[in-house]
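Engineer: Sequences listed follow chains A and B, in order. Heads up: the first sequence is residues 1 to 334, going by full-length UniProt numbering. Heads up: the second sequence is residues 1 to 334, going by full-length UniProt numbering.
None of these hints come from the bench; they were simulated from the model. Predicted model, so just to flag it, every value in this text is computed and none were measured. A couple of the hints might just be wrong.
Identical chains share a label here; the pair holds if one copy fits it or two copies do between them.
[As the list claims (entries may be wrong)] Once the Cα atoms are required to be at most 30 Å apart in a straight line, the calculated DSSO-like pairs of lysine-lysine come out as:
1. K313 with K93
2. K334 with K149
3. K47 with K313
4. K93 with K21
5. K253 with K97
6. K204 with K2
7. K204 with K253
8. K313 with K284
Protein chains: 2
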Amino acid sequence: MKKLINNPTNVVEEMIEGYMKAHSDYIRQLPENNRSLVTARQTRDNKVGILIGGGSGHEPGFMGYVGDGMADGVAVGNIFASPSPDPILEVTKAIDKGAGVVYLYGNYAGDVMNFGMAAEMADLEEDIQVGSALATDDVASAPKEEMEKRRGIAGEFFIYKAAGAAADFGYNLENVVRVAEKANSNTRSMGVGLSPCSLPQTGKPSFELRENEMEIGLGHHGEPGIEKGPLETADHVADRLVKDILQDIQINKGEQVAVLINGLGSTPRMELYIVYRRVEQLLKEQGIGIYRSYVGDYITSLEMGGCSVTIMKLDAELKKTMDHPVNCPMFVQK
Amino acid sequence: MKKLINNPTNVVEEMIEGYMKAHSDYIRQLPENNRSLVTARQTRDNKVGILIGGGSGHEPGFMGYVGDGMADGVAVGNIFASPSPDPILEVTKAIDKGAGVVYLYGNYAGDVMNFGMAAEMADLEEDIQVGSALATDDVASAPKEEMEKRRGIAGEFFIYKAAGAAADFGYNLENVVRVAEKANSNTRSMGVGLSPCSLPQTGKPSFELRENEMEIGLGHHGEPGIEKGPLETADHVADRLVKDILQDIQINKGEQVAVLINGLGSTPRMELYIVYRRVEQLLKEQGIGIYRSYVGDYITSLEMGGCSVTIMKLDAELKKTMDHPVNCPMFVQK
């Protein structure tokens, strides 16, 4: 696939360079490590720090969510690869305001290892208290009995939003982790892949699908889904995704949810709204209310085609976190 | 190309339906015409109304920019086709607060005809004063001596933003038009196309490019550009686009600009920031300051690949319009 890049080995550094130039009022690079980015905004003393991170290629995830109301810092990995412990540790040191730091990341082996090591180093070497919450929202990635094996996909956005708000509310470390974990355990996603992306260094497609084929449950890095089949209508796809979600988590009539229709990179907004239209109908039929909705590219996979549906069941506390204003370079909510 | 849609003839209606469900706090559909959408927010009496519009498939353009600080209403056309005069007239009637309405649209034959007819009808039948400002920012679409033949592309975003702010400042119709025209005459865009989109009804690609070929100056609907050639690096492309812009409009050392790197639909944010990085270097070399920068998908062409660079020369008044906060479903600026 054609890419507007220079040397493929420099794409992440050049992206960061461009991002810093464009958003220097929001974010700055630590001199200790060029993959360590922290907020340039004033943050309150004693606020719990929120640290996010993961591989590149998911923009706006993850650097796009550093700013007021969400994360205080991000550790940036190579494309689709976890950041190493060093940049995570540097961000931790920079954003700790005496109340500790919460790590939020998706449940992938590399991330679990590197964020785990960084947390240990922060504790032992720097005496910084670190809490963690993993995103495991992808219903397709493992059966319900093995929830701990599930991957994190677009639901990470809700977890950042909830935890970022909780930290702003002045919650302590334990309570920020509690809110993040509640956000995760109340959140389910199901995706559909239509077309692959390609990595800049190889130029090879991340997976193969035939003309007019789709894959239900496809992962954000091309991990195999649960079912390949002929491309269906948007309504059929939405029916399937919502059905799988509602079979996995009980949401009662009268309850309210937040909905995210997330584009994977090359799916037009038009199609995302057509999917939203059907998701709203389905939830309404079940008597489930939509408290807030988000439609757009929130966590992408370069130019992958397809989308995911994410539903988060809300209680009063999570509603409050969804209402909290955010001001980040790639996401603003008044 | 694969699309997540239902019946291809219903894509615009179903998109609108989804959009209304997702953003009912921002926008409402007029009962008189389902292609007439107006703000659901409180607007001041005697504020000049801002009406935008054009074909669908350019989302966030155009419905995404109805809200606080930008447009008060939008007339929605079929994919890549102008709205007809009726929905434009209905929006005009709905958003006129006694101070008249300004139409902002791109310089395309269909739009010029239909917005022109609607303006005449508004004047003669409804006694509503209408002003107009056309976007002609696309440098590649006609030589400088035939500026009036140039098409509007991503620069439309700056014109909406400038005029929307001017209307909020309480400017009268004449002055809102003046600001919109100044924004346009200070704005230049140059784009590059890498891969086509396809219309839902035909499934056919909007243009053809060979493997590893790019087209400089390609239009938003697949209109031919000015040069096809082998795909160059992001830096080479940025050099070319900025050179063409700076040859077309004089921007002196010490002056300040707003920059927009606009993705056409399937170009990852990563690549847009790599382009921005180079554009910033080039402007810096010329002693031109960047007052504000926007990087992302602002006016797309379904899933087209490529991007455009837009530069608007700023004076004090235009700076003030760029600073003005905006709260729309697809664009928020604090």
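Engineer: Could you run down the list of hints and mark each one as holding or not?
Structural biologist: Hint by hint, here is what the structure shows:
1. In this assembly of identical chains, K313 and K93 lie within 30 Å of each other by CA distance neither inside one copy nor across copies; the values are 34 Å within and 41 Å between.
2. In this assembly of identical chains, the alpha carbons of K334 and K149 never lie at most 30 Å apart, being 36 Å within a copy and 39 Å across copies at closest.
3. Taking the closest pair of Cα atoms, K47 and K313 come within 30 Å of each other only inside a single copy of the chain (26 Å); across copies the shortest separation is 41 Å, beyond that limit.
4. Within a single copy, K93 and K21 get their C-alpha atoms as close as 24 Å, which meets the 30 Å cut-off; across copies the closest is 44 Å, which misses it.
5. Taking identical chains as interchangeable, the C-alpha atoms of K253 and K97 are never at most 30 Å apart, the minima being 42 Å within one chain and 42 Å between chains.
6. For the homomeric pair K204 and K2, the shortest alpha-carbon distances inside one copy (11 Å) and between copies (19 Å) are both at most 30 Å.
7. For the homomeric pair K204 and K253, neither the shortest alpha-carbon distance inside one copy (46 Å) nor that between copies (44 Å) is at most 30 Å.
8. In the homo-oligomer, the alpha carbons of K313 and K284 lie at most 30 Å apart inside one protomer (14 Å), although the nearest pairing across protomers, at 48 Å, exceeds that limit.
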